[in-house]
Amino acid sequence: MRRESGGRVDRSRVLRFTFDGREYTGHPGDTLASALLANGVRRVAASVKLGRPRGVFSAGSEEPNALVQVETPFPEPMLTATTVELYDGLAARGLAGRGRLASEPDPARYDAVHAHCDVLVVGAGPAGLAAARAAAATGARVILADEQPEPGGGLLGTAETVDGTPGAEWAAATAAALEELPDVRVLRRTTVFGYYDDNYLVAVERRTNHLGAQAPAHVARERIWRIRARRVVLATGAHERPIAFAGNDLPGVMPAGAARTYLHRYGVLPGRRAVVFTANDSAYAAALDLADAGVDVAAIVDVRQAPGSCATRARERGIEVLTGHVVRQAHGDGQVDGVVAGTDGGDVLEERPIDADLLLVSGGWSPVVHLFSQSGGSLRYDEELGAMLPGRSRQAVEVAGAARGVFTLEACLADGAGAGERAVSGTGPAPVEPSPPAGVPYWLVPAADYSAHFVDLQRDVTVADVRRATGAGLRSVEHVKRYTTAGTAHDQGKTSGLLTTAVMAHLLGVPVADLGVTTFRAPYLPVSFAALAGRDRGELHDPVRVTALHEWHVANGALFENVGQWKRPWYYPRPGEDMEAAVLRECRAAREQVAAMDASTLGKIDVIGPDAGEFLDRLYTNLMSTLKVGAIRYGVMCRADGMVFDDGTVIRLAEDHFLVTTTTGNAAAVLDWMEEWLQTEWPSLRVYCTSVTEQWATVALVGPRSREVLARLAPGLPVGAAEFPFMTWREAEVAGLPARVCRISFSGELAYEINVTSWDGLRLWEAIMAEGVTPYGTETMHVLRAEKGYPIVGQDTDGTVTPHDLGMSWVVSKKKPDFVGKRSFGRADTARPDRKQLVGLLPEDPAFLLPEGTHLVAPETVGPGRRLPEPPVPMLGHVTSSYRSAALGRTFALALVKAGQSRYGERLYAPVGDTLVPVTVTSHVLYDPEGARRDG
Amino acid sequence: MLLIPCPWCGPRDEAEFHYGGQAHVAYPQDPAALSDEQWARYLFFRDNPKGVFAERWSHSAGCRRWFNALRDTATNEIHAVYRVGEPKPVTS
Ligand SMILES: [Zn+2]
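These protein sequence lines map, in sequence, to chains A and B.
Following the working numbering from start to finish, the first sequence increments by one per residue and tops out at 936.
Following the working numbering from start to finish, the second sequence increments by one per residue and tops out at 1092.
Treat the hints with care, as some may be off.
Stated by the list, open to error - Distance condition first, Cα-Cα at most 20 Å in a straight line; then the derived SDA-like pairs of lysine to any residue:
1) A/Lys-628 to A/Asp-606
2) A/Lys-816 to B/Lys-1050
3) B/Lys-1088 to A/Thr-680
4) A/Lys-815 to B/Pro-1031
5) B/Lys-1088 to A/Gly-99
6) A/Lys-816 to A/Asp-606
7) B/Lys-1050 to A/Ser-378
8) B/Lys-1050 to A/Asn-666
9) A/Lys-822 to A/Asp-656
10) A/Lys-567 to A/Lys-628
11) A/Lys-49 to A/Phe-74
12) A/Lys-814 to B/Pro-1031
13) B/Lys-1050 to A/Leu-95
14) A/Lys-822 to B/Ala-1040
15) B/Lys-1050 to A/Ser-393
16) A/Lys-822 to B/Ser-1060
17) A/Lys-815 to B/Ala-1026
18) A/Lys-822 to B/Tyr-1027
19) A/Lys-49 to A/Gly-99
20) A/Lys-822 to B/Ala-1061
21) A/Lys-822 to B/Lys-1088
22) A/Lys-822 to B/Ser-1035
Bear in mind the hints are in silico, worked out from the structure with no lab data behind them.
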């Protein structure tokens, strides 16, 4: 319930919200969790496996229990009620361990900032503030990041003062003074969730989540900070640990420090009558504060036989202290209504029932070492604290305050200030001695039945489950984690990890230190994919490359195909045409009339220098240095393993100047490949390579009538077959534009590739179109080349295919002493007769189009019953390309088939769905095998 | 994300670089003189140490130069970078 006064909530304003369909109110400064507790809502959700009632457990981001889905303004699942700031109109509901992603796109903006600093301080509690202040005082560039909406950390949850000022006020003033400095940035609502190499840390800032529907649309909802820091100070505090006893998951059971935070920070009493179950002094402060606020503290159950002065003070306040006792059980229907205390050890059957609606627990404190561990830092188990403490890290990082076991306020301030000073200058006061609260680590209340002793509340893992794991022989914490799922939930075991280890240690009779903890991995908190994606969504996900002719293609109804980052016209349907009809028409135009394609995306690389010919000889399988100026040669490049890497044409522009073309998708890889050999193996070769892909617009003019069209567009260019032979190029004026015309064909037809500067590309294209030429796209290009058996590297090849496998032995020089890949052609494997080789396939039904990727099996595999045997079915190969051919009047395909070149005429079977489609193997060259059409 | 000191450009984010595998695996002088096994060793066999490893990097989104680095594969510490053709530095 809410107190009349106190806390950091603004009672002058009322916020309305709904939870599980019921209406409630709260105040600015509340979290959803504090507002629910203020309204007396104990049960937030059911547990994931067992359906047990669960309530708010903690007061921070370590929360394992109170999972909610926020419904407005945008549905977001798997949030914790303890980290959702209340806003007017908030609608949320409890989740039984699993959320549901929204089906509609998130309309909010997300962005990212890259930042550099001298010192990054993580955590704005007393140690972090002191560290930031000390570092900033030297003029260093400082970033202070804290996950809460206001600075103060643990100070917000106690009544402590700094220099006579209430802690929260001191924190606010200190942060404000830091923000005045020009080189200091204070990030609120910002969780540093990942610590990577070389002091690279990533944080998420929640900028408008807390504003609900009032969030301005132009402000990023969340922002990812990618920070490179010279030094890092981790002041990440500590989490209070639960204890395993029967019913420790009931709503109303919470860490003592959390209850204290609800009192001091939110002015909320999480119950009326409390029992405190502790093994250390820290819970006494909570007990006394709650008693001062009017909570009836029925008893403090202390594991220790002789707790010392804090017990005396509690007794002086009239609170009963049961020393040497434990809470055996919390019970109640849906929430705690009483506990059973008893003496420690369990053999004495003295039991004491106590009525209570609140059970505050403290098994000890675990420093938050997650980020330190992620940095590559070692951890060591401290017997006195009963927790992992940071050891050494190879990165430039300091840990300060409770994160390294320093718990008193004075010591935290001194420790932080020292860390901040050292972070700047490398020298300064030594870290202060750890000062854990007096106590003993305590983990598990012994019992006969462990089925309600929970270790991981979110995964519903009990001590009985851990015992099953150790009983099955598991001895490693990593194995037990995977066997039981303890620590694998949304909270990643922040409060349960070490408890699981300690329970294992108890069951196995070994020291906790021998078992250690499971690896801490980023992210510290769940981070939404929307935040990580930032602006890299939709159109901005990847750069889009378009050619100089793109606008024309769009205006003329082209459909586009993505080829790498390029948008290429796929086909140009006329009204009423589907893809099949359009492509057949475009193919006929290219084979019977004249057609043109935008080929600008072909990779183009200038290779210049006195040794350019020698260089290309070493990279291509065939000779390039013998090419005459004015001539063009087709070439294939292989990797050193002999497998085809790319193909294209090499044009000799001058003695020392070649222009190399590559496949569209491979242009960057080929340039990289050239640079790698030049820089790392052949630095003595005088060669420069430059990408000129975007500098040229290229139009392929194809078909028996292409010569007459070119003659009209380039009246000064002799175009006769003898004057302008195949595989040569000419400088000419085409459509009044300076151009380089190449006689190259990727279709088998008479064809030209006309290159002009990108600026002139559209004018060239429009001039060609004005001649009545049919535009065609990549699909037609694919059909035309496949009819001729020209492979597409990356479609008909896959990195296991040699030029010989493609039927291109003629492109592999026997004269050159060496080239990249040559030695591999002498390996036994590349000489195997049963290698997969490129062949043509003709389905026996000439209308049947084989799906690309279809496997092929031999008749003996199918047998007389024409059925596939039980798997594994021996496969001969697969279909790599498959089309309908206007020229052939039927469907056809290319395929890689074992020993394919020796199978011409054989029948194979292609399993398609439930049927076996008979196909006949042919040469991969299906159209004009004599090459008669090349000269028109 | 590593901070890789390119010998030409200085320290840059790892995202600007491409990895190139083990360094100092020279293309054989005369591949034809090698046995299949020797050639296969050149093609397919690489060291995979836990500890300091001489490896190639290319500053592909920067100066586009290849260089070598001595990186500890267990800790990701880069002990030295050096240009192609320079001898492998001696580190302790
Ligand atoms: Zn560079």
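Outcome of the hint check:
Of the pairs offered as hints, the one joining A/Lys-628 and A/Asp-606 holds, with about 17 Å between alpha carbons and a cut-off of 20 Å not exceeded. Distance hint between A/Lys-816 and B/Lys-1050 is unfulfilled; the C-alpha atoms sit about 41 Å from each other, more than 20 Å. Between B/Lys-1088 and A/Thr-680 the alpha-carbon distance is near 14 Å, which keeps this suggested pair within the 20 Å criterion. Taken as a hint, the A/Lys-815 and B/Pro-1031 pair is honoured in the structure, with Cα atoms around 15 Å apart against an allowance of 20 Å.
Of the supplied pair hints, the one linking B/Lys-1088 and A/Gly-99 is violated, its CA atoms being roughly 54 Å apart against a limit of 20 Å. Of the pairs offered as hints, the one joining A/Lys-816 and A/Asp-606 is violated, with about 23 Å between alpha carbons and a cut-off of 20 Å exceeded. Taking the CA atoms of B/Lys-1050 and A/Ser-378, the gap is near 18 Å; set against the 20 Å cutoff, the hint holds. With a C-alpha separation of about 34 Å, the suggested pair B/Lys-1050 and A/Asn-666 falls outside the 20 Å cut-off, and the hint is violated.
About 25 Å separates the Cα atoms of A/Lys-822 and A/Asp-656, which puts this hinted pair outside 20 Å; it is violated. About 35 Å separates the Cα atoms of A/Lys-567 and A/Lys-628, which puts this hinted pair outside 20 Å; it is violated. As the CA atoms of A/Lys-49 and A/Phe-74 are separated by approximately 27 Å, the hinted pair breaks the 20 Å bound. With a C-alpha separation of about 15 Å, the suggested pair A/Lys-814 and B/Pro-1031 falls inside the 20 Å cut-off, and the hint holds.
A hinted pair counts as satisfied when its Cα atoms are at most 20 Å apart, and B/Lys-1050 with A/Leu-95 does not qualify at roughly 45 Å. For the suggested pair A/Lys-822 and B/Ala-1040, the alpha carbons sit about 13 Å apart, so the restraint of at most 20 Å is met. Simply put, B/Lys-1050 and A/Ser-393 have alpha-carbon atoms about 18 Å apart, close enough for the 20 Å limit, and the pair holds. For the proposed pair A/Lys-822 and B/Ser-1060, the alpha carbon gap of about 28 Å is over 20 Å, so the pair is violated.
A C-alpha spacing of about 24 Å is found between A/Lys-815 and B/Ala-1026, which places the hinted pair above 20 Å, so the restraint is violated. Under the criterion of a C-alpha separation no larger than 20 Å, the hint pairing A/Lys-822 with B/Tyr-1027 is consistent with the structure, at around 13 Å. Restraint check for A/Lys-49 and A/Gly-99: satisfied, since their Cα atoms lie roughly 14 Å apart, inside the 20 Å limit. Restraint check for A/Lys-822 and B/Ala-1061: the C-alpha separation of about 31 Å exceeds 20 Å, so the hint is violated.
Between A/Lys-822 and B/Lys-1088, the direct Cα distance comes to roughly 30 Å. Violation of the 20 Å bound is thereby established for this hinted pair. For the hint pairing A/Lys-822 with B/Ser-1035, the CA-to-CA distance comes to about 14 Å; that is within 20 Å, so the pair holds.
Hint violations for this structure: numbers 2, 5, 6, 8, 9, 10, 11, 13, 16, 17, 20 and 21, all remaining hints satisfied.
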